[in-house]
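Chemist: Each chain, letter by letter, is given below.
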Amino acid sequence: MTIPALTLDGLTVRIPTASGTVHAASEVDLTLRAGQVHALVGESGCGKSVVGAAICGLLPTAATVSGGIALHRPGSADVHLEAARPRTWRKIRGRRIAWIPQSAATYLTPVRTVGEQLAETCRHLDSPHTPAVLLTRVGLEPTVAGLYPHELSGGMAQRAAIAFALAGDPQVIVADEPTSNLDPELTDHTLRLLRAAADAGAAVLLISHDLDTLPAHTDRVAVMYASRIVETGPTADVFADPWHPYTRDLLAALPSGGLHPIPGMPPVLTDLPGDCVYHQRRPAPGFSGGPTHIAQHGDRSVRRLIGAAS
Amino acid sequence: MSLHAHHITAGHHPGTPVLTDVTLTIPAGSIVGLTGPSGSGKTTLARVLTGLHTPQQGDVTLDDELLFTAAPGAVAMLFQSPRQAVTGRWTLGRIIAEPLHGRRGRADTVRAAAARVGLTGDLLARRPHQVSDGQLQRACLARALVQRPRYLICDEMTSMLDPATTAALTTVITEETRSGLGVLAISHHHGLLEVWADHVIAWA
Numbered sequence: 000m001t002i003p004a005l006t007l008d009g010l011t012v013r014i015p016t017a018s019g020t021v022h023a024a025s026e027v028d029l030t031l032r033a034g035q036v037h038a039l040v041g042e043s044g045c046g047k048s049v050v051g052a053a054i055c056g057l058l059p060t061a062a063t064v065s066g067g068i069a070l071h072r073p074g075s076a077d078v079h080l081e082a083a084r085p086r087t088w089r090k091i092r093g094r095r096i097a098w099i100p101q102s103a104a105t106y107l108t109p110v111r112t113v114g115e116q117l118a119e120t121c122r123h124l125d126s127p128h129t130p131a132v133l134l135t136r137v138g139l140e141p142t143v144a145g146l147y148p149h150e151l152s153g154g155m156a157q158r159a160a161i162a163f164a165l166a167g168d169p170q171v172i173v174a175d176e177p178t179s180n181l182d183p184e185l186t187d188h189t190l191r192l193l194r195a196a197a198d199a200g201a202a203v204l205l206i207s208h209d210l211d212t213l214p215a216h217t218d219r220v221a222v223m224y225a226s227r228i229v230e231t232g233p234t235a236d237v238f239a240d241p242w243h244p245y246t247r248d249l250l251a252a253l254p255s256g257g258l259h260p261i262p263g264m265p266p267v268l269t270d271l272p273g274d275c276v277y278h279q280r281r282p283a284p285g286f287s288g289g290p291t292h293i294a295q296h297g298d299r300s301v302r303r304l305i306g307a308a309s
Numbered sequence: 000m001s002l003h004a005h006h007i008t009a010g011h012h013p014g015t016p017v018l019t020d021v022t023l024t025i026p027a028g029s030i031v032g033l034t035g036p037s038g039s040g041k042t043t044l045a046r047v048l049t050g051l052h053t054p055q056q057g058d059v060t061l062d063d064e065l066l067f068t069a070a071p072g073a074v075a076m077l078f079q080s081p082r083q084a085v086t087g088r089w090t091l092g093r094i095i096a097e098p099l100h101g102r103r104g105r106a107d108t109v110r111a112a113a114a115r116v117g118l119t120g121d122l123l124a125r126r127p128h129q130v131s132d133g134q135l136q137r138a139c140l141a142r143a144l145v146q147r148p149r150y151l152i153c154d155e156m157t158s159m160l161d162p163a164t165t166a167a168l169t170t171v172i173t174e175e176t177r178s179g180l181g182v183l184a185i186s187h188h189h190g191l192l193e194v195w196a197d198h199v200i201a202w203a
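Chains as they are written, first to last, in numbering that gives the first Met the number 0: chain S, 0 to 309; chain X, 0 to 203.
Simulated from the structure, these hints should not be mistaken for laboratory data.
Fair warning: there could be bad hints in the mix.
[Stated by the list, open to error] Ranges between beta-carbon positions, derived for each pair:
1. Thr63(S) with Thr86(X): 30 to 36 Å
2. His100(X) with His259(S): 35 to 41 Å
3. Ser18(S) with Pro13(X): 35 to 41 Å
4. Gly38(X) with Tyr106(S): 20 to 26 Å
5. Gly38(X) with Ile2(S): 42 to 48 Å
6. Gly145(S) with Thr86(X): 35 to 41 Å
We put the CB at the ideal spot given by N, CA and C, even for glycine.
Model the full assembly from the supplied sequences, consistent with the hints where possible.
Modeler: In structure tokens:
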């Protein structure tokens with residue numbers, strides 16, 4: 000299945016703050032396809048979560064959005080989300096696009112049981128599923144329904160969050176670092192659940208720092224640096240043979256790559272110049288330090304200087 | 000020269016200890032990795048080694064003297080969540096300076112420690128909610144280093160960090176071991192410990 004479920008076309012998000020305009024996402028092109036798990040990686044503060052929030056309509060109200068976010072369904076007209084009003088979002092959120100947060104337990108009301116809250120969600124979304132079925136689907140015992148959020152372990156809370164996301168049979172699922180507090184076994188389990196959701200037809204966007212786990216669990220990866228995407232492609236290919244110097248540096252920073260630190264720090268996103276700034280971190284001839292564009296080669300793409308020999 | 004946990008039994012309720020008769024040695028100048036499933040008592044051991052939790056039995060010695068008679072700051076700790084380990088109303092500069100009290104040359108020491116962990120000067124004036132987890136964990140490492148600890152206990156220090164920050168912080172800590180710092184690195188991440196630690200203890 001390679002039907003596009005959601006397309007970002009030059010998505011640019013600017014957030015005004017007291018200390019200047021935050022360039023949270025710049026000209027992001029990304030297609031999420033039904034049946035695939037897409038990873039979005041990059042250092043903290045590069046804008047990954049903002050892309051996820053834009054897809055779910057959860058940006059701060061002051062944010063300005065340009066470019067397009069289009070949600071597709073075969074046989075019906077595209078929904079354009081970049082300027083959607085709350086009325087539209089109410090029909091989209093939970094039903095066609097779902098969100099899995101990082102620390103799941105903090106998103107639940109502490110004074111009501113998981114089962115009550117899940118039942119409420121199912122009722123509001125007119126879900127075809129019952130809470131018991133959803134809990135079973137994510138590998139939780141039916142008795143978990145009677146527990147309060149503080150009685151859940153981190154792994155149980157994360158699975159519960161996936162159950163909430165699956166309630167509305169969404170086309171698109173955005174998971175923002177769902178595994179960052181989990182041990183390897185629970186991480187594996189969580190990623191399998193996301194894969195199962197993709198196998199059932201959803202397009203999944205997985206925002207993650209756990210790069211080691213990605214080749215086994217995701218189909219495609221997009222690498223982001225300072226609000227821009229610098230490389231995309233099939234995860235296994237990109238990890239085996241990274242094209243962009245930043246992707247190479249990020250993989251070399253992994254334990255499996257030798258724990259080599261990248262010199263300097265990522266830039267703050269406030270008032271960035273209008274193009275890729277990786278050359279400020281370390282020289283990247285041919286890739287950064289002038290006007291850049293995304294060069295497409297088959298199913299891979301890389302951001303390089305305009306006019307650089309490929 | 001070592002930080003030594005000697006036959007430690009510890010827990011939160013008498014009769015159901017989390018740790019039973021655990022002995023562990025962290026030699027000066029080396030990194031000992033510790034891994035094990037959730038709930039196996041790794042964090043409790045970290046707290047015992049830093050004097051934050053009193054064991055029911057056993058004792059901790061630091062270079063052959065009892066831990067509680069050692070100079071304050073001889074053992075430092077880095078926590079999993081930097082946000083829960085700092086005062087939210089303080090600037091990063093003040094957070095890093097906290098262990099120095101009124102010592103002379105404080106501003107220079109803070110600036111040097113910040114530079115050591117890769118924090119630029121403009122970040123020192125910010126408060127925790129204005130920086131990322133990675134930047135805040137860098138500040139926590141700087142705070143640990145200004146007290147010139149002889150031993151450093153890292154409890155899942157990198158689990159909330161991106162790979163680039165993980166590589167940067169582990170590299171700084173490895174460099175500190177060359178001047179004698181002994182480190183206990185607790186992590187779920189086997190791959191990280193295999194590369195970073197001098198030897199790894201795996202609890203079943």
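Chemist: Are there hints from earlier that the structure breaks, and if so, what are their numbers?
Modeler: 3
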